[in-house]
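Residue numbers (my numbering), protein chains in the order written: chain U, 1 to 396; chain W, 397 to 792; chain C, 793 to 1188; chain G, 1189 to 1584.
No wet-lab data here; the hints were simulated from the structure. Incorrect hints may appear among the rest.
Said to hold, decoys possible - In silico lysine-lysine, DSS-like type, Cα no more than 30 Å apart, as pairs: (1) Lys1503/G <-> Lys1581/G; (2) Lys129/U <-> Lys284/U; (3) Lys1185/C <-> Lys734/W; (4) Lys785/W <-> Lys1185/C; (5) Lys785/W <-> Lys1076/C.
What the hints assert, rightly or not - If the Cβ cut is set under 10 Å, some of the chain U residues that face chain W in the computed set are: (6) Pro6; (7) Pro12; (8) Pro33; (9) Thr110; (10) Glu114; (11) Thr330.
Backbone N, C-alpha and C define an ideal beta-carbon position, used for all residues, glycine too.
There are 4 protein chains.
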Amino acid sequence: MTSQNPIFIPGPTNIPEALRKAVDMPTIDHRSPVFGRMLHPALEGVKKVLKTTKGEIFLFPSTGTGGWETAITNTLSAGDKVLAARNGMFSHRWIDMCQRHGLDVTFVETPWGEGIPADRFEEILTADKGHEIRVVLATHNETATGVRSDIAAVRRALDNAKHPAMLFVDGVSSIGSMDFRMDEWGVDVAITGSQKGFMLPPGLAITGFSPKAMEAVESARLPRTFFDIRDMATGYARNGYPYTPPVGLINGLNHAVTMLMDEGLENVFARHNRIASGVRAAVKAWGLELCARRPELYSDTVSAILVPEGFDANKIVSRALETYDMAFGTGLGQVAGKVFRIGHLGSLTDAMALSGLAVAEMVMADEGLPIQLGSGVAAAQDVYRNAAKAAQKKAA
Amino acid sequence: MTSQNPIFIPGPTNIPEALRKAVDMPTIDHRSPVFGRMLHPALEGVKKVLKTTKGEIFLFPSTGTGGWETAITNTLSAGDKVLAARNGMFSHRWIDMCQRHGLDVTFVETPWGEGIPADRFEEILTADKGHEIRVVLATHNETATGVRSDIAAVRRALDNAKHPAMLFVDGVSSIGSMDFRMDEWGVDVAITGSQKGFMLPPGLAITGFSPKAMEAVESARLPRTFFDIRDMATGYARNGYPYTPPVGLINGLNHAVTMLMDEGLENVFARHNRIASGVRAAVKAWGLELCARRPELYSDTVSAILVPEGFDANKIVSRALETYDMAFGTGLGQVAGKVFRIGHLGSLTDAMALSGLAVAEMVMADEGLPIQLGSGVAAAQDVYRNAAKAAQKKAA
Amino acid sequence: MTSQNPIFIPGPTNIPEALRKAVDMPTIDHRSPVFGRMLHPALEGVKKVLKTTKGEIFLFPSTGTGGWETAITNTLSAGDKVLAARNGMFSHRWIDMCQRHGLDVTFVETPWGEGIPADRFEEILTADKGHEIRVVLATHNETATGVRSDIAAVRRALDNAKHPAMLFVDGVSSIGSMDFRMDEWGVDVAITGSQKGFMLPPGLAITGFSPKAMEAVESARLPRTFFDIRDMATGYARNGYPYTPPVGLINGLNHAVTMLMDEGLENVFARHNRIASGVRAAVKAWGLELCARRPELYSDTVSAILVPEGFDANKIVSRALETYDMAFGTGLGQVAGKVFRIGHLGSLTDAMALSGLAVAEMVMADEGLPIQLGSGVAAAQDVYRNAAKAAQKKAA
Amino acid sequence: MTSQNPIFIPGPTNIPEALRKAVDMPTIDHRSPVFGRMLHPALEGVKKVLKTTKGEIFLFPSTGTGGWETAITNTLSAGDKVLAARNGMFSHRWIDMCQRHGLDVTFVETPWGEGIPADRFEEILTADKGHEIRVVLATHNETATGVRSDIAAVRRALDNAKHPAMLFVDGVSSIGSMDFRMDEWGVDVAITGSQKGFMLPPGLAITGFSPKAMEAVESARLPRTFFDIRDMATGYARNGYPYTPPVGLINGLNHAVTMLMDEGLENVFARHNRIASGVRAAVKAWGLELCARRPELYSDTVSAILVPEGFDANKIVSRALETYDMAFGTGLGQVAGKVFRIGHLGSLTDAMALSGLAVAEMVMADEGLPIQLGSGVAAAQDVYRNAAKAAQKKAA
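Please model the entire structure based on the sequences and the hints provided.
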C-alpha cells in the first residue's frame, strides 16, 4: 500500500525513523505531569527554531490553515484592515480566509513567480496616514511557485513607513528548513505546521505570537473558541490543554526540535540549500526554467519547474506516480498544468534527491520533453560532490 | 517513559496494536488516489457507527471541541437562539462556546449527576411559539459525571412540541461504545473524536450532518474557514482535503471502523456494558455510590465514583499515578475532589478492568477509605464469569 | 490477532515499548562501524548483568538451547564425563543434549520440586579421584517447577571436593531477574536467552565464558561451526560476526542492559521478589501449594502451582486462554496436568500481576476448585501496598 | 543513527514497511494455537517459493550458516564423502564447515567469477563407481562474486553419472529473488535465510528437505540437538517448537510469502532481472566489468564490479558510507579490494536502484576512476523506461 520511494511533494515530508517512533506512542494521561515534560521542551524548542526569545508558542491540533485562523481570530475584529500580496496559491487562500472572516483586505496583485513587493507595501503603508491597516500578511515561501520572499524587506517597509501594523508571516514551508528570524524581523505572528520543516506527520498548527500580538488578543472580536490562545495559555500554565492534546505529535515535536538543534540550525539550512542547489543545477541542465523569476527568489524547500509550451505538467506528475511510484507536486491555481514541483524539504539525503531527479528525467522523456537522460543527475552530482569535498576540507 | 499499565482515563483510550500500526505510516502523497482509498471507506464506516444513511460525514484535524465549533459555525449566525441543559463539564463548555460565538443560549441548570431534562425541554420548546430556538444541544454522555442522557427522549420532546429546531448531539464519549442512532433519533449534527470509541490517538474531530443541517449551511453567518464543511465537501469530491489531511489518523479510522464492524456493533456495546457492569458491581461492593443518580443514567464508558465526605478524590488519582503508575480521571468542575473516574471505553478486556479495580482498591485503602481489599475485584469477577458462562451457553 | 492482556508464561516476557522500538529497526550495513557501536556496549552490559569482569560474552542468533550447545561443543569432546542433577524439564533436556553429543553423563535423579543436591555433588566429586568429571551442569532456575537452586552451594561442593571440573550454569530464566554472580560463584559458562530477563523477543543465545572455559576451547573436539566461539571472537575483534548478525536484537540488548542498569540491578531483583511474593501470598490465600518444596527454593520468576487431586491443571491454562484471553504456563513433563505456572519475570507491574491473579481465580473457580474470588488478589494487594509504603518511607 | 538511504549490501535487504510491522509484535504464548496459525501457512508458503510439493520445511532461529549445519548434521556422519566446487567465499566457507565436522570433502578449485563446473562434477561422479560420495554441495548464487550457477546442470551431471548422491543447494542469496526449483532440480536440501529474498530481518535459517534427505536423518551420526530436524518435526506436529520459536520472524515470514505470492513469483523474478539489468547497463556504461565472467553467470541479486588496476575497491565502499551514507558490499576473500558489490535483491524500486548507481558514480569519481557522472544512471534509466513501456503495452 505504501511505496518504498521517498516522496517529493513539498510537504508532508519524508519522516525520519526516530520521529515515526516518537509520534507512535501508547496513550498516556494527558493531565499527568508526564505530558508537561513533553510540552514545555517542545514549546522552548520551537522558540529556538523561530529565533524568538520574546514570542509565545501555541500548538493546535490542526494544520497551517488552522494556524492562519488562529492568527487572525485572536488579534482582529470584523472590518479590520489587512494588507497582503497575492503571488501564489497560499497567499491567495489566506486572503480568502480574511475576507470570509469579514476583514477588509487590500491586496497587491503580484505575478506568480515574483516575491512580495516590499516597495509597494511601503507606498501603501506610507499612504495609510490614519494607520488603519492593522496587519500586513506575508507568505515567506510560496509553496505553489517555489518563491521565497524577503521578510526583512517587508519589515523595512513597515519601519520606513513608520507604520504600527502587525506583521503576520506564513512560514509553513520555510520554518525549520530556511532561516527565519521572528524577533529580528519583527514578526508578530509566525505560522507553520508539523509536516514540513519539523518532519512530522500533519496534525499540528504551530504558531508564535509576539508581545504586541499578545496585546491585541483582548480587543479582538472575531469569535473563536477552539483556536483561542487565551484558553491555550491557561492550559499550558497547568501543563495541559483546554481539550485533548495531540500527545504523540507533541512528543514528536519535542524530538524534532532536538534533532534540528543537534544538527545545528545553520547546518540544517545549509543542507537544504545544498540539496536545492543540486535540483536547480539539474533543472538548468535539462534546459528548463523555474517559476521563480530570479535567483534571490529561489526557494530552498521546493522548486516549481516550468514545462515548455505544449506539454502538460500534470501528466508528468501523474505518470511519475503511475509508472515509477514517485510523488511530485502538481501545479496549483494559475500555474496548474504549467509547472510541476519537486519538494526538497525536511529530512533528505543527496541520494534521495538524486533518485527524484532520475525519475523526473525518465518521466519527462516519457512525456516527450527533449531531456537528455542523466543530464540533470550529473549536474546535481557535481553540486553534491563539491559540497562534500568542501565539507571534508572544512572538517580537516 | 511510558507505563505498561492500561489507562483508565475516560479517553483517550488504550490503543489496540493494529490501530497503532495503522496510524503510524510513512508519508504518502495526499493528493494521489491512494488517499481517496482510505478516506471514503472511513467516511462510510463512520456512517455505520452513527447509524445514519442520510447523514454526511466530515473529519477535521482537530478534537471534539473543534467538532462542536464545526457544528455551530456551519449552521448558525450570531444572535441565533440555542437551547441546552447544563449538567456537567462538557455541556458547560459547549454552552460557553456558543456564548463566545454570540449565540443566545437558554440553558436549563440541571444537577450534575442527572441527565438532560427532556420534559423541561418540551415545555420550553412548546412555549417557543415563534420557533426562535434554532438548535437544541445535547450531550449524550457527560464524561464528567458518567451520565448517559436519553437522546430519544429529547427527540420526543421536540416532536411533541412540534418544534423544527435542529438537534445537535455531543457523542464524544458515547459513539462507538454505546448505541447511537443518528437517523432514528433525528440527530442533525453528531460529534465525536478519534480518541474515544474509535480507539485512536487524539487529533480528529468526527462529525455527521443531517440533510437538514446541510441545508442550514448556506444561511449560516458565523465566520469559518478551517471548519467550513463546504470546503471539506469540495475536497472529498476530489478525494482530497482543503488543506493537508491527517493521513495516518484517517487510515487508522478506516481500520477502526472495520475492527468495530468485525466485532459487530451490538457486540461492542454489549462488551462495554459488561465491563461497566463489573465496575459498577465493584463500586457497590466497596459501599460507594456513583455520581450518576439512577441506573438508567449509568454510562457504559465512564464511572464517576463519589468518595465519602472527608476524603479528597484528587488524592486518590494522584496517588494511583505516583504509587502504582495507573491513570484514573479526576473530578472536573463542580465535582472536583468529590469524584474520581474510571474510564472503561474503547478496547478493554476483563483482565485489564480487574487490574484497574485492584489498584483503585489499594489506593483507596492507602487513602484511608474503609475499603475491603479484593471486595470490588470479587464483585466484578462474578459479573465477568457469569457473562462468560452466558456467552458460552449462547455459543453452544 | 494479539491480545491486549499481559502474558504470564515464564518467558518470553512482556516486551517494554522502548525495547520493541529498539529491536524494530531498518536494515543497516552490519559490516559498518555502526554495528560495532551497538555490539560492544551490549557485550559490556551483559557482563555487568552476569556480574563478571573476567568472562567473555558471545551472542548467537539462537535460543537458550543453542546456548547450551555452544557451552558443550566449545569445551568438550565425545566421551567426556559430565555431572548433573535431573530435577525438572530443563535439566532433563540438557542431560539429553549431552548424551546426544556423546558425553558420558552422571546424573543425580532428584525429585521435581527440589533443588540441586549440592551435598550429593560433593560426594560424587570427592569420589572422582581421577578428576574425570570435566563439567558440572547446573540449572539455576528450573522453569518447569519454579525452583531456584543454590549455585553458590554447588561451587562450595566443587571447592570442598577440591575438584577442577568446570561449572556450567543454565541461567535462562534467572539472569537479569534474580541475582547471578558469575565471577563470585566461579561459573565457567553462563547461559541465557534474550526473551527472559532481558525482556526482548526470542532469537538470541547469550553466553558468558570464563577464562578457564576459554582455555578448554582449543582441546574440545565436538564438531561445531555455527556455534564456534573462536569464529565469533574473531568477528567481534573486527566489529562483526562470522555470519549475518541479528542486528535488531543486539540493538535491543544494548537498550535492555541500559534499562536494567538505569533501574539498578538490585532494584530489578527486588522488584521481581516483590511481584513474586504477591503471587505466593495469593497461592497461600487460595489454599494451594507451590511445586517448589521450601521457601528457600521459591523462584522469583515463575511459580508452579499444584492443583488439588482430581483437577486438571492443563484445563485451567486452556480455559484461561479461551475464556479470558490470558496465557499461563502449563505443567511440563512429570508435572504435566498437575501444575500450572504463572510467569512473573521481565517487565511487570503490580497492576499487571494483579490482573493475572484475578483471572487465575476466575478460571480456577470456573473449573470447580474451591477458590474464594478476590482472596488471592487481596493477599497480593497487601504485599504490594506494604512494599509501596516501605519504598515511600525509604525515599522520605 | 540510521540512514534514510536504501542499502545496497547483498543482504540483509531493505525491509518493506508491512514486514517491519509483521515482525514487530507483542509477545504471544507460543504454545497456544495462535502460533500454529502463523507457523503452518509460513511453512506452506516457503514450499511454494522453493517450488516443492514433496519437501519438508524447517525453520531455525539461526542464519544461513546454521542452515548449512542443519543440512550436514542431519544427514551425514563423520568421514562421509562430499563433493563441492570452491568458486567464492560462501562455497569456501561451506567446505570449511564440512571439514570441521569431519567430512571428507573433494572440491574442485574453480576460478572466482566462474560457476559450478557441472562437467567436472559429472566426471568425478562417474569415476566414483562405489558411490562413496554421499552429497554434492552447490552454491546457487555466489554472493561474493555475483555468479549464479546452473543447478539444473548439476542435477544433469548426477543423472548422467547415474549417481545416487544427494544434492544440497545453498540458495541463500537466490531463493525468493531468482527462480529456484527444488523438486524439478532434484534438490535434497535447500537452504536460505530470512534476510534475503524474504526481505525480513536476519535470524531465521530456512531449510527444505526432500524425502530422500529425510530418510538419511536416522542414519546420520553427526551430533546435533539444536539443529535436529526430528525434534523440530515433532514440535511442528504439535504446533510448536522444541524450544522458544522466533515468533515475530515466523509471523513476518508468513506475511513475506503472501507478499511474494501476491506479486506473483515470476513477476518477482522479472523485477529482480529488470533492476539487475539496469545495474549491469550502468556498469557497462562506466566502462567496467563484472566479476562474473559471462552473461549466463550474471546474478540478478548482486553485482560484483571489478575496479581497474591501481584502485582500491574497499575505499569506494568506505567512502560511500562516510561521504554519502550509503552502504555497498566490499569484496570478500580472493577479490577483496578488487571488487565492490551492489546488492539488488529484495524489495527495491527503479528509483532506489538509480540512487545507488548515482552515488556509486560520485564515489568512483571521487576516488579518481575515469567515470562520467550520469552515464551509468542514464544507461539504467534506459533499461527501466523500456521495461515500463513494455509492461504498459502488455497491460493494454
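Hint check results:
For the hint linking Lys1503/G to Lys1581/G, the alpha-carbon distance of about 43 Å lies beyond 30 Å, and the restraint is violated. Taken as a hint, the Lys129/U and Lys284/U pair is broken in the structure, with Cα atoms around 46 Å apart against an allowance of 30 Å. Our distance criterion of 30 Å between C-alpha atoms is met by Lys1185/C and Lys734/W, whose separation comes to about 28 Å. For a cut-off of 30 Å, the pair hint linking Lys785/W to Lys1185/C is broken: about 45 Å separates their Cα positions.
Under the criterion of a C-alpha separation no larger than 30 Å, the hint pairing Lys785/W with Lys1076/C is consistent with the structure, at around 27 Å. Interface restraint check: Pro6/U against chain W, minimum CB-CB distance 9 Å, threshold 10 Å, status holds. Given the 10 Å rule on beta carbons, the hint for Pro12/U holds: about 5 Å separates it from the nearest Cβ of chain W. For Pro33/U, the shortest C-beta to C-beta distance to chain W is roughly 8 Å, which falls under 10 Å, so the interface hint holds.
Checking Thr110/U against chain W: minimum C-beta separation of about 22 Å lies over 10 Å; hint violated. A hinted interface residue such as Glu114/U counts as satisfied when its beta carbon comes closer than 10 Å to some beta carbon of chain W; here the least separation is about 24 Å, so the hint is violated. The closest approach between the C-beta of Thr330/U and any C-beta of chain W is roughly 7 Å, which is under the 10 Å cut-off, so the hint is satisfied.
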